[in-house]
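Student: Sequence:
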Amino acid sequence: MVPKDPVMLLSFINLKLRDFYPSLAALCDDLDIDRAEVDEKLAGIDYHYDEEKNQFV
Numbered sequence: 724m725v726p727k728d729p730v731m732l733l734s735f736i737n738l739k740l741r742d743f744y745p746s747l748a749a750l751c752d753d754l755d756i757d758r759a760e761v762d763e764k765l766a767g768i769d770y771h772y773d774e775e776k777n778q779f780v
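In my numbering, the protein residues as written are 724 to 780.
Note that these hints are calculated values from the structure, not bench results.
Note that this is a predicted model, so its numbers are computed, not measured.
Treat each hint with caution, since some may be false.
Claimed, not checked - The calculated EDC-like cross-link candidates involving lysine to aspartate or glutamate, where the alpha carbons are at most 16 Å apart (straight line), are:
#, residue 1, residue 2
1, 739, 753
2, 764, 742
3, 727, 755
4, 727, 773
5, 739, 752
6, 727, 762
7, 739, 755
8, 776, 742
9, 727, 763
10, 739, 773
11, 739, 769
12, 727, 757
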């Protein structure tokens, strides 16, 4: 289950990226998550995906 709250979503996504997935695309494909929705929710709290770091910063 993916959290709806943006701050909880940030924590969830960054944990998964750090521990299990080589990229946001891989995470979204595996968990069947809409990447655009994740990007939009996290941009709303001023976080953006950094491909080099493989996390939202």
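Student: Next step is simple, just say for each hint if it's right about the structure.
Tutor: Results for each hint:
1. 739 <-> 753: Status holds; Cα separation ~11 Å.
2. 764 <-> 742: Distance ~22 Å between residue 764 and residue 742 Cα, so the pair is violated.
3. 727 <-> 755: holds (15 Å)
4. 727 <-> 773: Judged against 16 Å, a Cα distance of about 21 Å means the pair is violated.
5. 739 <-> 752: holds (13 Å)
6. 727 <-> 762: holds (13 Å)
7. 739 <-> 755: Within the cut-off at roughly 14 Å; holds.
8. 776 <-> 742: holds (13 Å)
9. 727 <-> 763: holds (12 Å)
10. 739 <-> 773: holds (15 Å)
11. 739 <-> 769: Distance ~19 Å between residue 739 and residue 769 Cα, so the pair is violated.
12. 727 <-> 757: Holds: residue 727 and residue 757 sit about 13 Å apart, inside 16 Å.
Going through the hint list in order, the structure does not satisfy hints 2, 4 and 11.
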